[in-house]
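Residues per chain are reported as follows:
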Amino acid sequence: SQQGEEDPQALSIQEGENATMNCSYKTSINNLQWYRQNSGRGLVHLILIRSNEREKHSGRLRVTLDTSKKSSSLLITASRAADTASYFCATGIIQGAQKLVFGQGTRLTINP
Amino acid sequence: DAGITQSPRHKVTETGTPVTLRCHQTENHRYMYWYRQDPGHGLRLIHYSYGVKDTDKGEVSDGYSVSRSKTEDFLLTLESATSSQTSVYFCAITHGTGTNYGYTFGSGTRLTVV
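Line by line, the protein sequences are chains A and B.
For the first sequence, this note's numbering assigns the number 1 to the initial residue and increments by one for each residue that follows.
For the second sequence, this note's numbering assigns the number 1001 to the initial residue and increments by one for each residue that follows.
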């Protein structure tokens, strides 16, 4: 079964608005990561937050992690048409070998 | 994609035939992974490797085998392809150490089993 559940499955907003995506997971983790996938391409690593961190920023990205609720959110501020993509959360499970368990993704569409 | 290539990029094969997909990396990474991506399922781990000749099963390993005879190559074999194995297959390597790591993915192989 999937470790990560993402919400919403699809999101459509106007350019310039902020986009928020959520991820919930089930088991203990050592980190949580977000990836972007453009249509027909491989996934690209965006940001990592470790289990002992609560918030992290990278450019227009802000990630929060609440380990008590087993949830994370990704905020993209001032969205651009180029942000149109699918976004996946992935949890680094504690069993090792640096394995990641991916959610099903959120399809984000930015309308001009 | 940062020293990781997959081949072929596209393949159509018939049910019952064996198929081998190749992942090649040039940066001497220890860990390599094979995932499949299907609508509604996200990415699911098939097999992974933590060194030459060291491999282990992932979540959806039935019908698949892997081999890693040298650091740079990780092969995924569908022993007898079925239509349920029609999917996009991604190889990945990790970069970073400890709990501070991320994946770099190949461009994927789109496999169709007819």
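None of these hints come from the bench; they were simulated from the model.
Check before you lean on any hint, since a few could be wrong.
[Stated by the list, open to error] The calculated label-pair distances, taken between Cβ atoms and stated as ranges, are:
{"hint": "1", "chain 1": "B", "residue 1": "R1022", "chain 2": "A", "residue 2": "E17", "range": "17 to 25 angstroms"}
{"hint": "2", "chain 1": "B", "residue 1": "S1069", "chain 2": "A", "residue 2": "I94", "range": "28 to 36 angstroms"}
{"hint": "3", "chain 1": "B", "residue 1": "N1100", "chain 2": "A", "residue 2": "N18", "range": "21 to 29 angstroms"}
A virtual CB, placed ideally from N, CA and C, is assigned to each residue, including glycine.
Quick rundown of the hints versus the structure:
1. Distance hint for R1022/B and E17/A: a CB-CB separation of about 42 angstroms, inconsistent with the stated range 17 to 25 angstroms.
2. Look at S1069/B against I94/A: about 30 angstroms separates their beta carbons, and that is inside 28 to 36 angstroms.
3. A C-beta distance of roughly 27 angstroms is found between N1100/B and N18/A, which places it inside the suggested range of 21 to 29 angstroms.
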